[in-house]
Each structure stands twice: as structure tokens, then as C-alpha cells.
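Trainee: Below, each chain spelled out in residue letters.
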Amino acid sequence: MIAEQKNHSRHILSGTPEFPVWPKHRVKLFDFLQGKWLGHPLHPAVVHVPLALWLMAAVFDVFIFFKIGVPVLTRLSFYCVMGGLVGAFASVPTGVADWAPIKKEKPAWRLGLYHMMLNLVAIFIWAANFGLRLNALDKQSGVTGPILATSLLGAGLLLVSGYIGSLMVFDQGVGIGRLSKKKWRAIAERAGSRLPEEK
Amino acid sequence: MPTPKEIMEGKPLRSPLHPALVHLPIALFPLSFILDLASWMSPRPELQLVRCAFIAIAVGIASAVVAAIVGLVDYTGIRDDHPAKKTATLHMVLNLVAVGLFATGLGLRYGSLQLERTGALPLLISGIALGLLAYSGYLGGTLVYDDGIGVGRHRRRTPLPEKTIERARAGNTPVVIGTVPLLAEGETARVDVAGTVVAITRSKDQLCAFQEFCTHRCGPLSEGKVENGQVICPWHGSRFSTATGKVTQGPAKVDLRTFPIEEREGKVWLQAEARSSASPGA
Numbered sequence: 001m002i003a004e005q006k007n008h009s010r011h012i013l014s015g016t017p018e019f020p021v022w023p024k025h026r027v028k029l030f031d032f033l034q035g036k037w038l039g040h041p042l043h044p045a046v047v048h049v050p051l052a053l054w055l056m057a058a059v060f061d062v063f064i065f066f067k068i069g070v071p072v073l074t075r076l077s078f079y080c081v082m083g084g085l086v087g088a089f090a091s092v093p094t095g096v097a098d099w100a101p102i103k104k105e106k107p108a109w110r111l112g113l114y115h116m117m118l119n120l121v122a123i124f125i126w127a128a129n130f131g132l133r134l135n136a137l138d139k140q141s142g143v144t145g146p147i148l149a150t151s152l153l154g155a156g157l158l159l160v161s162g163y164i165g166s167l168m169v170f171d172q173g174v175g176i177g178r179l180s181k182k183k184w185r186a187i188a189e190r191a192g193s194r195l196p197e198e199k
Numbered sequence: 001m002p003t004p005k006e007i008m009e010g011k012p013l014r015s016p017l018h019p020a021l022v023h024l025p026i027a028l029f030p031l032s033f034i035l036d037l038a039s040w041m042s043p044r045p046e047l048q049l050v051r052c053a054f055i056a057i058a059v060g061i062a063s064a065v066v067a068a069i070v071g072l073v074d075y076t077g078i079r080d081d082h083p084a085k086k087t088a089t090l091h092m093v094l095n096l097v098a099v100g101l102f103a104t105g106l107g108l109r110y111g112s113l114q115l116e117r118t119g120a121l122p123l124l125i126s127g128i129a130l131g132l133l134a135y136s137g138y139l140g141g142t143l144v145y146d147d148g149i150g151v152g153r154h155r156r157r158t159p160l161p162e163k164t165i166e167r168a169r170a171g172n173t174p175v176v177i178g179t180v181p182l183l184a185e186g187e188t189a190r191v192d193v194a195g196t197v198v199a200i201t202r203s204k205d206q207l208c209a210f211q212e213f214c215t216h217r218c219g220p221l222s223e224g225k226v227e228n229g230q231v232i233c234p235w236h237g238s239r240f241s242t243a244t245g246k247v248t249q250g251p252a253k254v255d256l257r258t259f260p261i262e263e264r265e266g267k268v269w270l271q272a273e274a275r276s277s278a279s280p281g282a
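So the protein lines, in turn, are chains A and B.
The first sequence begins at 1 in my numbering and counts up by one.
The second sequence begins at 1 in my numbering and counts up by one.
It is possible that some hints are incorrect.
Claimed, not checked - The following residues of chain B were derived to be distant from chain A, with all beta-carbon distances above 12 Å:
1. S15
2. A68
3. G119
4. T173
5. R217
What the hints assert, rightly or not - Here's a subset of chain A near chain B, in silico, CB distances under 10 Å, partners left out:
6. D31
7. A100
8. K181
As the list claims (entries may be wrong) - The following residues of chain A were derived to be distant from chain B, with all beta-carbon distances above 12 Å:
9. V70
10. L113
11. L148
12. A149
Hints are computed from structural coordinates only; laboratory data are not their basis.
For each residue, glycine too, the CB sits at the ideal point set by N, CA and C.
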């Protein structure tokens with residue numbers, strides 16, 4: 001079954017009906033990015049960081065802009081945006097590795113495409129936000145209008161794309177049962193269920 | 001109108017709330033720890049690392065409490081005899097301990113926010129709590145991705161089976177699994193007759209019995225949605241005829257085994273054949 005999965009990913013990636021053989025290191029890289037070594041997909045675990053930290057940065061920015069709460073939030077918001085950028089760099093390759101094996105005719109493929117495009121735009125916005133912030137930190141000008149605007153825009157995009165991501169998992173089942181096939185097959189066989197022949 | 005329980009399960013959103021809310025504590029607690037470590041490496045007051053770590057933990061705890069409430073709703077939805085129930089119990093206990101530790105650390109930090117570096121004891125507590133959280137988060141990931149907890153659940157309006165009805169086999173004859181009326185339209189039950197696990201539903205006013213596990217990735221059909229004489233696997237949406245077990249929509253390619261079931265003398269009788277008599281492809 002695992003061999004079948006590998007063939008399948010290669011076939012979808014190449015877009016050709018036959019199964020071209022990929023160099024071994026490329027297959028291994030995909031296995032790593034898909035979280036085979038961990039036991040569950042890597043992408044949903046990594047995205048906690050940019051999603052939560054950037055959303056919190058936007059919330060903190062609103063507080064700072066309207067001068068509610070403690071001044072230290074300016075710093076914390078800065079650290080959140082910085083941490084989010086680090087997390088985003090790990091999220092992109094793992095996300096692509098999860099998306100690539102999805103068949104093009106499935107709704108999840110299109111959802112994944114939107115999810116990815118929104119996230120890439122969001123990353124650029126947050127990178128710009130970080131640049132503005134570095135500048136503001138030097139001048140001690142706190143959260144300026146452009147910083148707040150990019151924060152809110154970036155957070156809005158993330159909410160939409162994060163929601164699309166959750167639909168991919170909980171509505172479309174992407175990644176579900178991918179690494180537990182053997183376990184559930186054994187349980188189903190013991191329970192007298194008919195199953196396709198093991199490839 | 002969705003009930004409060006359905007809202008907490010995220011059914012109107014088509015996606016559970018607990019996995020969405022946990023983003024905050026899972027990201028904020030490690031951030032606080034990194035800020036703590038930074039305060040040791042670079043104890044400069046203008047960086048305000050100690051205060052920032054304090055706020056990150058406080059917000060992390062607040063969001064963890066909200067996540068715990070909806071998490072508990074998800075937890076109670078897992079069938080008691082589901083193999084994932086134990087994982088979920090451990091996940092919950094570890095999270096409670098971890099958040100408790102962070103709360104203790106928060107209390108210890110409160111008096112010394114003016115310092116340049118986080119105290120050794122709160123730092124140690126954070127490290128331990130973070131270790132627990134990492135393992136528990138991993139368990140949460142396996143609950144979703146290995147065991148499919150919460151996946152496709154929003155399609156169901158009828159309650160999931162709370163436990164498996166277990167019966168010993170009496171020869172190769174039908175066994176009584178309940179009394180009439182066993183199920184309302186669209187409801188399901190999960191029955192284990194001496195190891196053979198069968199999903200039962202009432203579909204188009206007929207009781208139907210078929211294998212519990214989907215022929216695609218072994219998703220639990222007793223947790224699937226039943227509509228128009230078909231059962232929809234909660235995981236990847238394969239559809240099967242409830243009466244004949246035939247695939248009506250992929251990704252599954254192999255038909256389900258079905259089992260004779262009938263209502264007679266006020267009781268429901270199910271005949272689950274011995275496993276050895278199951279001929280693949282028949």
C-alpha cells in the first residue's frame with residue numbers, strides 16, 4: 001500500500017498517466033515533508049505558528065493603535081510577526097508536498113490552490129508589515145496606519161485561507177488515514193470487512 | 001437551527017472548532033519559551049522579553065481554556081470502545097497538566113516582571129510544560145489524521161453510535177441485536193457479532209446491515225451520513241447503496257459486504273456470517 005501511495009504521488013506530480021520513476025532522494029524529500037517520519041502530516045502541525053502568531057499580532061496592533069493596554073505590546077507584536085515569518089517558511093514546502101498528490105479532478109485540489117495562493121499573498125503582506133515595523137521600531141513610532149492596515153489585511157486573508165485549509169481536512173478528508181492505512185486495514189480485516197486486495 | 005452542542009462541534013462551519021482554536025496556545029507557549037531563552041542570551045531591558053513572555057503565556061492560557069471547552073465536547077462524541085478514546089483521554093490529561101504548569105509559571109513570574117531575564121524556576125516549568133504540550137499536540141494530530149476524529153462529522157445530523165452492541169455468535173444463525181423499533185430513519189448502530197463488525201442503519205424505512213469499514217481507507221461507516229438509500233463515508237466521501245453495498249461514488253472501488261437483517265416478533269435479527277466464509281470479490 002505504501003508503494004502504491006508513492007507511485008500515486010509521482011504520477012500526479014508529473015501529470016502523465018504512466019508512473020515515471022523519480023530519483024530516490026526526491027521521493028524521500030516528499031516523504032519527509034508529508035510527515036511520514038512523524039506519523040501524521042507535517043503541514044497542519046507547522047501552520048499553528050504563523051497562523052496564531054500573525055492573528056495575535058493583528059489583535060495586539062489594534063490595541064496598540066487605539067492605545068489600549070500596556071506599551072510592551074508593540075514589542076510582543078513585533079516578536080509575533082517575526083516568529084510567524086519563520087513558521088511560514090516551514091509551512092510552504094510541507095503544504096506543497098501535501099497538495100501535490102491530490103487528484104486534479106477532486107474539489108480538494110481547487111481548495112488547495114486557493115489556500116496556497118491566499119497564503120502566498122498573506123506571506124508577502126506580512127513580510128512588508130515586518131519591514132514597516134522594523135522601520136517604526138527605529139523611530140519609536142509604534143503602530144502606524146500602514147502597519148495596522150497590512151496587519152488587518154494579512155489577518156483577514158489568513159482567516160479565509162485557514163478556513164479553506166480546515167475544509168480540506170475535515171470536509172474533504174485530505175491526509176486522513178494516509179499514514180494509518182496498515183493499522184485500520186488490520187482492524188477491518190479482523191472485523192470481517194471486505195477490502196481491496198493489498199497491492 | 002443547530003443546537004448549542006452542534007455549534008460547539010463546529011457543524012455550521014463544516015469544521016470542528018477545537019483544532020482551529022488550539023492554534024493559539026500551541027503557537028504562543030513556544031513563543032514565550034523562545035522569548036525566555038532570548039532573555040538569558042541577551043538580557044537587555046529595552047527588548048522587554050520578560051514582559052512579552054508573560055503576556056504570551058497569559059493569552060495562551062486564556063485561549064487554551066476556550067479550546068478545552070470545545071475539546072471536551074469533541075471528546076464526549078468519541079465512542080467509548082473506539083481505539084482513539086484512550087489517545088483522546090491522554091491528550092486531555094496532558095493538556096490539563098501542561099496548562100496547569102504554565103499557569104503556575106505565570107503566577108511565579110508575576111512578581112518579577114521588571115527583571116531582565118526570566119527566573120530559572122519559571123523557565124524550567126515552561127520547558128517541562130512545553131515537552132508535555134508537544135507530545136499531546138502530536139497525539140491530537142494522530143486523533144485527526146490517523147483516526148479521523150471529527151472528520152466529516154458535520155454532515156451527520158443524527159447522533160453517532162455511543163457504543164458497539166456486542167453479541168456472541170450462536171452457530172451460524174441470526175442473533176437478536178435489539179427490539180423494534182431499533183433505529184429512526186438515518187440513524188446508525190454499530191454491532192459486533194463475535195468479532196464481525198457491522199454497521200446498521202434505517203434507510204428508506206428499511207433496516208440495512210453492511211460492513212463497518214469503508215473499502216477505501218477503512219473509514220467508519222456507522223459514523224457516515226445516510227441519505228437517498230446511500231451511506232456516505234465520513235472520511236473521503238465514498239458512497240455505497242445501503243441495500244446492496246454497491247459503490248455509487250468513489251474513491252472506493254470495492255462493494256461492501258452486506259448482511260441479512262430482519263424485524264420479526266418485535267425483535268431485530270442480524271445474521272453475521274463467520275468471517276472465514278467471506279469470499280473476497282464475491
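Trainee: Can we trust that A:A149 is non-interface, i.e. its beta-carbon lies farther than 12 Å from all of chain B?
Mentor: 23 Å, holds
Trainee: Taking the closest pair, is the beta carbon of B:T173 still more than 12 Å from chain A?
Mentor: Correct as stated: the minimum Cβ-Cβ distance to chain A is 16 Å, above 12 Å.
Trainee: A:L113: least C-beta distance to chain B exceeds 12 Å?
Mentor: Since the minimum Cβ distance to chain B is about 19 Å, A:L113 lies beyond 12 Å and the statement holds.
Trainee: When you look at the beta carbon of A:V70, is every beta carbon of chain B farther off than 12 Å?
Mentor: 8 Å, violated
Trainee: Quick check for students: does the CB of B:G119 sit more than 12 Å from each CB in chain A?
Mentor: 18 Å, holds
Trainee: Hint check: is the beta carbon of A:A100 less than 10 Å from a beta carbon of chain B?
Mentor: Because about 17 Å separates A:A100 from the closest Cβ in chain B, which is outside the 10 Å limit, the hint is violated.
Trainee: Please verify that the nearest CB of chain A lies beyond 12 Å from B:A68's CB.
Mentor: 16 Å, holds
Trainee: Find the nearest Cβ of chain A to the Cβ of B:R217 and say whether that gap is larger than 12 Å.
Mentor: 4 Å, violated
Trainee: Please check whether A:K181 passes as an interface residue: C-beta within 10 Å of a C-beta belonging to chain B.
Mentor: Holds, about 6 Å.
Trainee: Determine whether the non-interface label on A:L148 survives the test: each CB of chain B must be over 12 Å from its CB.
Mentor: The claim stands: A:L148 keeps its Cβ more than 12 Å from every Cβ of chain B (closest is about 19 Å).
Trainee: Regarding the assertion that B:S15 does not contact chain A, is the least Cβ-Cβ distance greater than 12 Å?
Mentor: Its Cβ does come within 12 Å of chain A, the nearest being 4 Å, so this is violated.
Trainee: If you take the shortest Cβ to Cβ gap from A:D31 to chain B, is it below 10 Å?
Mentor: Result: violated, 15 Å to nearest chain B Cβ.
When each numbered hint is compared with the structure, violations occur for hints 1, 5, 6, 7 and 9.
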